[in-house]
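Asks: If you want the building blocks of each chain, they are given just below.
Number of protein chains: 2
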Amino acid sequence: MNIPDSKKPRIVIIGGGFGGIALARKLRRKAVQLVIIDRHNYHNFQPLMYQVATGGIEAGSITYPIRKIFQEFRDCYFRLGHVRDVDAAAQVIHTDIGELHYDYLVIATGSKTNFFGNKEIERQTMNMKSIPQALNLRSLIFENFEHAVLTADTAERKCLMNFVIVGGGPTGVELAGALAEMKKGILHKDYPDLEINYMEIHLIQSGDRILNTMSPQSSEASERYLRELGVQIHKNIRVTGYDGRTVRTNSDLNFESSCVIWTAGVMGKPIAGIPAAAISRSNRILVNEFNQVHGLRNVFAIGDIAQMNSVAYPEGHPMMAQPAIQQGEKLADNLLLAISGRQMRPFQYRDKGSMATIGRNKAVVDLPSVHFHGFFAWLLWIFVHLFSLIGFRNKAVVLMNWVYNYVRFDREGRLIIRPYKKKSFTTFTTDEV
Amino acid sequence: MNIPDSKKPRIVIIGGGFGGIALARKLRRKAVQLVIIDRHNYHNFQPLMYQVATGGIEAGSITYPIRKIFQEFRDCYFRLGHVRDVDAAAQVIHTDIGELHYDYLVIATGSKTNFFGNKEIERQTMNMKSIPQALNLRSLIFENFEHAVLTADTAERKCLMNFVIVGGGPTGVELAGALAEMKKGILHKDYPDLEINYMEIHLIQSGDRILNTMSPQSSEASERYLRELGVQIHKNIRVTGYDGRTVRTNSDLNFESSCVIWTAGVMGKPIAGIPAAAISRSNRILVNEFNQVHGLRNVFAIGDIAQMNSVAYPEGHPMMAQPAIQQGEKLADNLLLAISGRQMRPFQYRDKGSMATIGRNKAVVDLPSVHFHGFFAWLLWIFVHLFSLIGFRNKAVVLMNWVYNYVRFDREGRLIIRPYKKKSFTTFTTDEV
Chain A
1 MNIPDSKKPR
11 IVIIGGGFGG
21 IALARKLRRK
31 AVQLVIIDRH
41 NYHNFQPLMY
51 QVATGGIEAG
61 SITYPIRKIF
71 QEFRDCYFRL
81 GHVRDVDAAA
91 QVIHTDIGEL
101 HYDYLVIATG
111 SKTNFFGNKE
121 IERQTMNMKS
131 IPQALNLRSL
141 IFENFEHAVL
151 TADTAERKCL
161 MNFVIVGGGP
171 TGVELAGALA
181 EMKKGILHKD
191 YPDLEINYME
201 IHLIQSGDRI
211 LNTMSPQSSE
221 ASERYLRELG
231 VQIHKNIRVT
241 GYDGRTVRTN
251 SDLNFESSCV
261 IWTAGVMGKP
271 IAGIPAAAIS
281 RSNRILVNEF
291 NQVHGLRNVF
301 AIGDIAQMNS
311 VAYPEGHPMM
321 AQPAIQQGEK
331 LADNLLLAIS
341 GRQMRPFQYR
351 DKGSMATIGR
361 NKAVVDLPSV
371 HFHGFFAWLL
381 WIFVHLFSLI
391 GFRNKAVVLM
401 NWVYNYVRFD
411 REGRLIIRPY
421 KKKSFTTFTT
431 DEV
Chain B
1 MNIPDSKKPR
11 IVIIGGGFGG
21 IALARKLRRK
31 AVQLVIIDRH
41 NYHNFQPLMY
51 QVATGGIEAG
61 SITYPIRKIF
71 QEFRDCYFRL
81 GHVRDVDAAA
91 QVIHTDIGEL
101 HYDYLVIATG
111 SKTNFFGNKE
121 IERQTMNMKS
131 IPQALNLRSL
141 IFENFEHAVL
151 TADTAERKCL
161 MNFVIVGGGP
171 TGVELAGALA
181 EMKKGILHKD
191 YPDLEINYME
201 IHLIQSGDRI
211 LNTMSPQSSE
221 ASERYLRELG
231 VQIHKNIRVT
241 GYDGRTVRTN
251 SDLNFESSCV
261 IWTAGVMGKP
271 IAGIPAAAIS
281 RSNRILVNEF
291 NQVHGLRNVF
301 AIGDIAQMNS
311 VAYPEGHPMM
321 AQPAIQQGEK
331 LADNLLLAIS
341 GRQMRPFQYR
351 DKGSMATIGR
361 NKAVVDLPSV
371 HFHGFFAWLL
381 WIFVHLFSLI
391 GFRNKAVVLM
401 NWVYNYVRFD
411 REGRLIIRPY
421 KKKSFTTFTT
431 DEV
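Sequence order for the protein chains is A and B. Residue 1 is where the first sequence starts when you use our numbering, and the numbers rise one by one after that. Residue 1 is where the second sequence starts when you use our numbering, and the numbers rise one by one after that.
Please keep in mind that the hints were generated in silico from the structure rather than gathered at the bench. Do not take every clue at face value.
Given that identical chains are not distinguished, each listed pair holds provided it fits within a single copy or across any two copies.
Claimed, not checked - Here are the simulated DSS-like pairs of lysine-lysine, each with C-alpha atoms no more than 27 angstroms apart in a straight line: (1) 8 x 189; (2) 26 x 189; (3) 421 x 129; (4) 68 x 395; (5) 189 x 68; (6) 7 x 189; (7) 183 x 68; (8) 184 x 68; (9) 119 x 158; (10) 68 x 421; (11) 158 x 68; (12) 129 x 395; (13) 30 x 189; (14) 112 x 421; (15) 395 x 189; (16) 158 x 183; (17) 421 x 352.
From a predicted model like this one, the values you see are computed outputs, not experimental measurements.
My request is simple: use the sequences and hints to build the entire structure.
Replies: What follows is the structure, encoded as structure tokens:
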């Protein structure tokens, strides 16, 4: 890879997510050379992906060109590419665009959906880990309604209007809420010739409460909110299979659904070349308190991919934006310490709390010392998310969309831009563009 | 197709573009049943497509859900489908979602790119007639720059940074201007390690002036503007082939380019079942002054697809939004007259003028009685386009983007959301999502 030689130590960052960007930003104008490699030319704001999938905002409003972030950096290079493996002995990575020597390597590749080895579920369910996946989901949701209008078979129509969300974490809960609000505010107007009451939204949670990483109070409030919106919550149930039509579970409960969204878990996405001893059960890369990968020199991992076991977090930190950002920022300091031959300082996670929105005026917030929900929680959620988006234009466009959606009870992004060609049991086909 | 029976006459409209929507809107709350069929579930605002392709605005900002337009209509049905043919004798259309009887049929299917029979050009060039095509073009533009960064071969780098636009109509001119502004304002900041001066933009026009449907003054001004922006204009030249690397012309001039955008012409896209005698040389459907298709009863055509020859327009009206909208509105009146057994009135095109924007503060405007260009032409262009967009939210979001882009000399939509897999001569590949 044609990165110019530099007298400064070269730090290669794989991944332009929350962790990678936080790290790079803190190294701006320091005496290092930065190379950022990502498979996409944009950073994306994962927490709002469900709004892209449900037409509330545009993909372009929660993504940001990575090159723009680095416009004013010196000795900093972005490369669009896919890393194949790392050769830690030679301090080299191999990619589809050539090989590259590093002085320090930071793996910030995030996570991928965990299907727990079930290939059928992997093939048949919809996911929401990337922007194209969110757009596919958006297409499928509206394609299903268009097909429901056409069929004379009531069972098939109900199947097309039945949404099953597997996983009661923030993604599943927020998506269920958004679908329920769409049913209430939009679909009966868009589809006057469809019995919108046929539409059902099922949220399936394997544990005994949803949002089980939050406080019991928040779980309870969010369950109440979802039930008020008409979402059917099924707890202590595991989905065991889905053939494209029937969702099978480990109970008597089965569902007929054309749209099953799998948000039941994430796992690491390590890079070939990391020793097996440094890979955890959940496929994350084991790191010490300095984010150093076990057993490797000058190789670090941060964010979802990194698992830093501690007394407080025996299975590593939660796979969310906050630990990634904090690790990225801390590692920036530590890399500068290491370069100057000084002792690195251990990372300490500061839990700022967590929150989830269920719908209009409805959110739950857990701060370290207080839990609350309702309108003010919802306002705080909006404020925090707007504030966290990169770029003034994104903030402004998202705010404008939210105000519009709120005032008009609407979401205008219900567009099937690229049809999602689901291998469907239905006989209907829609021609390609 | 399961459309409820109605005592009112059924008007079936094929196509939710400018013409179809204008027609349907004027028939709102009249004593007719409306069925609108389109292959997309959205209306799109074609005149701003080039801004989607160059990252100035998001696709969702110039598209509008068709169902939302019809939310408050009574006895009005939208169907997502593709019409296969029309059986005029039986008054039935056949579609991929079933057949449908009509009392009145309106064909408003628009136009498609005209490659003048050249299959190689059709296969290899980029087009901009649909939103997915505009998004593909956007992806290719930025993929080419990412590849240019990687190659050590200067000839290849130049080829990747060489843009050839074939066709000097409004689309080609506006696209050339947008690319030139991108070079000036963004690319040198995004790609500090690339010689942005290698980037060339060529506009090839077969005639002796660009914008040749506009006034000579406007052609002259737009040529001057483009040259000021660094666009190279080649007139009286026809492109005869493009193998994915070399653009061949009918002159000595050849170009090496990885991105050739074909805007050299459009043609009709008639539906099977229309008698051959009613199809014009440019594949449009010949209609009389009431937009009735030659030789058919109760079948009408409006917009780009309709060719209404007259003394003033011996080859039909220009294939633009205005004639489509005016024909749609007139046909609404005429259908009501026909239904009540009265005489229809002939369509008369009122040319409101035309305009094109070349860049920042630079546009040309031809009004019926006056031609002007410069800052006020540009303001008028902005005002007219904003005003014509459907929906308050779209207007607001587009305006906000334009203000931002203007103030910051920026376009933030430079995202490769779905990589465009060009069968390229380059050896670089980018993994799929």
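Asks: Give a verdict on every hint.
Replies: Structure-based check of each hint:
no. : hint      : result
1   : 8 x 189   : between (61 angstroms within a copy, 22 angstroms between copies)
2   : 26 x 189  : between (49 angstroms within a copy, 20 angstroms between copies)
3   : 421 x 129 : both (19 angstroms within a copy, 22 angstroms between copies)
4   : 68 x 395  : both (16 angstroms within a copy, 26 angstroms between copies)
5   : 189 x 68  : between (41 angstroms within a copy, 8 angstroms between copies)
6   : 7 x 189   : between (64 angstroms within a copy, 23 angstroms between copies)
7   : 183 x 68  : between (38 angstroms within a copy, 14 angstroms between copies)
8   : 184 x 68  : between (39 angstroms within a copy, 15 angstroms between copies)
9   : 119 x 158 : within (26 angstroms within a copy, 45 angstroms between copies)
10  : 68 x 421  : between (34 angstroms within a copy, 24 angstroms between copies)
11  : 158 x 68  : between (46 angstroms within a copy, 23 angstroms between copies)
12  : 129 x 395 : within (21 angstroms within a copy, 30 angstroms between copies)
13  : 30 x 189  : between (56 angstroms within a copy, 20 angstroms between copies)
14  : 112 x 421 : both (22 angstroms within a copy, 23 angstroms between copies)
15  : 395 x 189 : between (29 angstroms within a copy, 22 angstroms between copies)
16  : 158 x 183 : within (14 angstroms within a copy, 52 angstroms between copies)
17  : 421 x 352 : neither (41 angstroms within a copy, 42 angstroms between copies)
Violated hint: 17 only; the structure is consistent with all others.
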